[in-house]
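Start from chain A and add chain B according to the hints.
Listed in order, the protein sequences are those of chains A and B.
Using our numbering, the final residue of the first sequence is 798, and nothing's skipped along the way.
Using our numbering, the final residue of the second sequence is 546, and nothing's skipped along the way.
In case anyone wonders, no lab produced these hints; they're calculated from the structure.
Idealized CB from N, CA, C, for every residue including glycine.
Do not take every clue at face value.
Stated by the list, open to error - Using C-beta positions, here's what the derived DEER-type ranges look like: (1) B:A209 with A:R774: 23 to 33 angstroms; (2) A:K435 with B:D513: 49 to 59 angstroms; (3) A:A768 with B:R126: 33 to 43 angstroms; (4) A:V632 with B:E164: 24 to 34 angstroms.
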Amino acid sequence: MRSFTWWQFAWLVVVLNGPVVAQSVAVPFVAGFERFARHRDVDEAVAGRLLLSELSCTACHTSNSNDLKPKLGPRLDGAGSRFRHNWLAEFLTAPQQAKPGTTMPDVLASLPEAERGAAAHALAAFLSSLHEPFPDIKGTGARGVPFEFWKQGDADQGRRLYHQVGCVACHKPDDDYETVETKPSPLDQLIEQLDEDELRELGLSAATRRVPSVPHGNLVAKYSPQSLTYFLLDPHRTRAGGRMPNLKLGVVEAADIAAWLLKDGGSEIVPNKQQLTFSEDVIQTGRQLFRELGCSNCHSVNGVAAPKMSKPLVDLTMATPRSCVGSVQAGLPHFPLDSFQAETLKSALKENRENDSNQRDPLPKQQSEFAMLKLNCLACHERDGKGGVGRYRRPYFETVGHVDIGDEGRLPPPLTAVGQKLQPGWLTRVLKGTGDVRPHLRIRMPLFTDDQVKSLPTWLAQADQESRKSASGKDVFGDVSKLAEDGRQLLDTGCVQCHPLRGDALPGVVGTDLEGIAARVQPQWFHDFLLDPGKLKPRTRMPTFFPNGKSQNPAILDGNADRQVAAMWAYLKNADRLELPPKIQKARSQSYELIPKDRPIVLRTFMKEAGTHAIAVGFPEQVHFAFDAEQVRLAAAWQGRFLDAQGTWFVRFAPPADPLGEEQVSFPPGVPFVLLNESSGKGNELSEPNFDAKKAGYRFQGYRVDKSGVPTFLYRYGRFDIEDRIRPDADRTLVRRLSITDRTREEPPATLWLRGHFGKSLKHDGPFAYTNDVGVSISVPKGLKHAGKMETREAGTHWIVPLKVEQKEMIEVRYQW
Amino acid sequence: MVNRNTLLAALFCWLMTVVAANAVADDFADENDYYRLVSVDVAETSTSSRAKNWKPAPDGLALEVSGLTVLDDRRVAVAIRKGEIWILDGVYDEPPKDVTYRRFASALHEPLGLLKHGDAFYTAQRSELTRIRDTDGNGEADEYLTVAKGWGVTGGYHEYAYGPKLDRDGNLWLTLNIGMGLKGAELDRTIKDPILGYRQGRWRGWGMKVSPDGELVPVCAGMRSPSGIGANAEGDMFYTDQQGNWVATNSLHHMREGAFFHHVEALASMNEEGSPIRNVKKVAGGLSYPEAMKQFPQLRPPAVWFPYKKAGQSATDIMLDESDGQFGPFAGQLFIGEFTQAAMHRVFLEKVDGEYQGACFPFRSRFASAVLRMAQGTDGSVFVGLTNRGWSSLGTASYGLQRLVWTGKVPFEIQEMRAMPDGFELVFTKPVDRQSAMETSSCEVSSHTYLYHSTYGSDEIQKQNLTVKNATVSEDGLRVRLHIDGLRDLFVHELVASKIRSHNGEPLLHPHAWYTLNRIPK
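Chain A extracted, bound-state conformation (with noise of 0.2 angstroms):
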């Protein structure tokens, strides 16, 4: 093993590598291959395939077998709007020297020296004459987009980008890059004090080695703003092979992360176009290169006939001087691998003629494994013992606001049996980008082709689970419809100390929100994990509620462990449409509801009672009220906790504010005064649409709030003016001071008649009081009873009371219900 590691920096070492080659090049670097084979940390077969298709050797020598289908390169349609045509030159003259680890093979390596320099030319000029323009990215609502945003780019923000959203998970981060520093973890702090020797002997070689990083090469040569950020914005576009995963970066943050690979350059903002002039004579001989070299095996291009094919892979050996690899052969592209590559490629092939003979399928197991050995997955996710977050790399992954939740919780989640915890489905989501349930990362989990998103998550599946279906929630938990609320107290005594529930949480909480919870993971891992954490996930910081499978808490559902993680199941599956757990309740509530302790707290909102212009009032002593501004009546009363404001305060769609205590009530309809017309002495204004405030001419004018907290609503009505001050006076009772103020102060003064209540039918209650059929019962001051009529419309009974108003006039209303 230990032979092997200088092995390492191989890409970066001079391999003499036969006769021919003499000049130093590098080799082809290959993430997976690179961390992995060199090590011997994957099987010999398995690292030679991975050349296979990364190298994209199937690209001119097909093989049946659907995983080794060639990485290929980039589409170049359009390449010269994207590269730079002298870096195209020399690239294609030398590709190892200006492009360190390039899986492109040298295809003009047979040429003479003097040749190769034009063959390079044709070939860049060609490519530099093919134009397409950037596609146009739409800006909305949710995604702007600043004019010539390429332009902008700010190198200082690039940087921080480029060392949190993900970059450095493969590339190499800048050495002066400082992170926030994080506490280490036990077993780093372990690590830390080994030697070499130590690590290898406790089996920690693989965990602890530096692992290498993807080089960038000159990207300032090679690309121009504009370029490298549609690039980065959206990789797939050109690179169909998915290897640079797309970091789902808005556009200035792209702008920002190429200003800063691009710092050293110059700003020139197209590379070619209408800069640099060909004669058709050129560009036409490196269009005739372009298919005779059989780039078009790899390099899409409109108008490109289809690609020339070679020997199957099948009839391929390494025996005979004629290869792509070894010494450089007339007509043929050259790889220019060191002999470890070398030998595990052979190696490869020989299995390969062994096995195509058989027609073994692979199975779900070795899909997988070698789906994410070339896509990289496990630079971030370790896997069966391999791969995560490099020991030199971690730094690099912080949290939101540098909270300290641990490794667990900083890094990208291990994949180890993922095909059991996860349910398939969700999983494709995640790979799609569209199933991010890590907010407090700044890491973020790229977005994979369609290709890729379509098996991973099926291969994952079947190489973890040993059946072939996996056990439904009803397999596992059997009839939970009963159980949600015990599961929610049970949610209360452990798992809302870690988890928020549908963004809510106590109070410094980060984590993983556990609101549906049930579409991500399978119920059988749900229920074992929950019985048995550290099973599951070793050294996890999950703790467990179930100490040799026995439940803690006797009191819920006889104690009994099953029916306990049934039961939180249970609550967490609808989880959206129940009740939080009691404590997080009650910690929203502290940032939320509104509860009156000293003075009266006034909110004024949206409410179903009260209408559009609700005024709500909560007391101290616990009885509360809705006042409509629009109709200028007193709406309703509640008693016990007030409202929440969050809907009101930070909710873009307004929702209306529910009350959120008991004994709720609605007043009759209407405004609180009314002048009859005497003369006629019909009462026609006792007719529904005159207790419309605005047909009947109120005209609220606001509110004074006093000393005491206490508002006093003001409003106008003909020639008076009202003050309406109501409060609580005891339980389900609240007491309502009308002053009345005549401003012309005419003679003779008039009577306005106080509806005092309404309802479908309506019964004395005590000397001065009615009540009506939902309960309400209201009394006026004893010298005013006797004046009051009783007056029965279609629409139910009016109770009115007269009220000669000479300049001013107070009356006391009591409510009760």
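For chain B alone, coordinates are given in the frame of chain A:
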């Protein structure tokens, strides 16, 4: 295989190929060199701006600034979206580390403006314009008087009320967002125009003014999302609108009696008492804007179109630079907030045949979040109120207050763009390099218009490239006169002056300008 001769021929051609000189390598000038940003208080939330369960940051005030007014050389007052007014002291300090916060008022329903006028604050809540005072001097408001109400509030969440801003006659101006996607009980609170059939809450999509004696007067109609109101130096009132149905792209409009702008559903209130717009019996839709103007006589073009993406994606507040030079070389011009792109644009206006029209320019980007409100401080610097909740914006924060300060360095910018009978006159902030300015290829000019239709936004249509025939430079080097054939009235004229250099060789900080040429001067 390509033979050797072909390759040699290719080599020969290579040697003969003329490689044009590299394009001028512009160093991207940095807006920050001229206008720097000071963050008074910004915060990032852990929930995204559109999260259904959005939460403010755990610490500090949820400073989602929806109204902003400068009190003096230490303090500003802000309205925040949750419904409060706060007074912030020490906001000019650098760094602003000792800012104090005092709550002045509460229980306001989504206030979207703030004005200090006389001894009171004014703000538009969803359902009314409110005058707020502290009558007992304890520092907390105790009087919330209704100055005006009576517009429809159906409960649809788009029905924002913005303002107020003051005009030269002491009127308070408000704008009322149109309702969108009304349903259920919301529809019961609408009114309907019997001929056109549109249903909206009363005065929805209208610009209103409240006279000093408290009368609510409908002035003009056809607004979609009029989140910005402001006066120009003459005291005429303008509002901004945002792209959407009937609104091709963001726009700036002069509010005056009887003007109809674009969103036709505002006509649901046409027959209400006091409406200055009557008798629209037919709506011309699906036409180019110039054609629609012919067929829809009530339609008034915006003073300025802001081409989508190029000059923002959602225009907000309007602020007049009244600093007389303390904020740089743009005294008397209007500045327009930009929500989605977290930016600010600049507008030059002139009157042609008695109507306003003019040009917009990029001005400053990279605010920490969506720019909703702006107010000029006593030292000329500009306070900028930020909040992106419910929609989305660029920037690293969710809400807060920043201050934009002129560094004293004059950027090389197109200060003014004036229409001429046969072209434009450009006024620059610094003398130009004469040679670059006289080169007719230094400026690219094109024109386009939009579709006037019920669908969301419009592409730029009927695009045409124009040729600069001749460019002359004034003696002082500050003015460049472009003679251009083929100007089209009612078209937006785009100018890209990327090759003009200042006398000391700088490129323009922003080489683009868009002039809304409603009328070609005679």
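Hint check:
{"no.": "1", "hint": "B:A209 with A:R774: 23 to 33 angstroms", "in the structure": "holds (25 angstroms)"}
{"no.": "2", "hint": "A:K435 with B:D513: 49 to 59 angstroms", "in the structure": "holds (55 angstroms)"}
{"no.": "3", "hint": "A:A768 with B:R126: 33 to 43 angstroms", "in the structure": "violated (50 angstroms)"}
{"no.": "4", "hint": "A:V632 with B:E164: 24 to 34 angstroms", "in the structure": "holds (27 angstroms)"}
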